[in-house]
Amino acid sequence: MQRSIYLAKGTYEWRQFLGKYTGVGTTMRIPAGNYTWRDCLYPIDGADGWDYRHQTELYRQGNPGFHLDGMWGLATSTDYTWGSFLDPAF
Numbered sequence: 002m003q004r005s006i007y008l009a010k011g012t013y014e015w016r017q018f019l020g021k022y023t024g025v026g027t028t029m030r031i032p033a034g035n036y037t038w039r040d041c042l043y044p045i046d047g048a049d050g051w052d053y054r055h056q057t058e059l060y061r062q063g064n065p066g067f068h069l070d071g072m073w074g075l076a077t078s079t080d081y082t083w084g085s086f087l088d089p090a091f
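Last residue of the sequence shown: 91 (our numbering), numbering continuous.
None of these hints come from the bench; they were simulated from the model.
Every value quoted in this text rests on a predicted model; they were computed, and no experiment measured them.
Even for Gly, the Cβ is constructed at its ideal location relative to N, Cα and C.
Be a bit skeptical, because a hint or two may be false.
Unchecked claim - Here are the simulated distance ranges between beta carbons: (1) D52 with G11: 33 to 39 Å; (2) Y43 with A90: 27 to 33 Å; (3) R30 with T79: 33 to 39 Å; (4) D46 with D88: 32 to 38 Å; (5) P32 with A76: 38 to 44 Å; (6) V25 with P89: 18 to 24 Å; (7) G11 with H68: 15 to 21 Å; (8) P32 with G74: 33 to 39 Å; (9) Q3 with G63: 16 to 22 Å; (10) T23 with T79: 16 to 22 Å; (11) P32 with D80: 35 to 41 Å; (12) W51 with M29: 27 to 33 Å; (13) P32 with T77: 25 to 31 Å; (14) R30 with A76: 22 to 28 Å.
Turn these sequences into a full structure, and let the hints steer you where they fit.
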């Protein structure tokens with residue numbers, strides 16, 4: 002999944018989620034601007050089911066980006082909602 006968004010200058014909490022679970026995250030100060038926000042989920046065959054690598058990027062042209070890299074282990078097959086969120090703290 003990829004989308005373009007405008008973010009106001011400020012402090013944001015940024016986290017990954019899968020179903021009701023939240024994964025890796027960080028709190029960061031972001032300069033105002035237009036950004037590309039990308040979320041990818043890659044299946045990896047695990048020993049006890051399926052594992053998934055969750056990569057999230059937030060970047061804008063000409064600047065270094067922000068990255069989250071998490072793992073999810075799933076023993077049962079079902080439907081999940083997954084992604085990441087930015088929560089402004091201002």
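To test your reading of the hints: which numbers does this structure violate?
13 and 14
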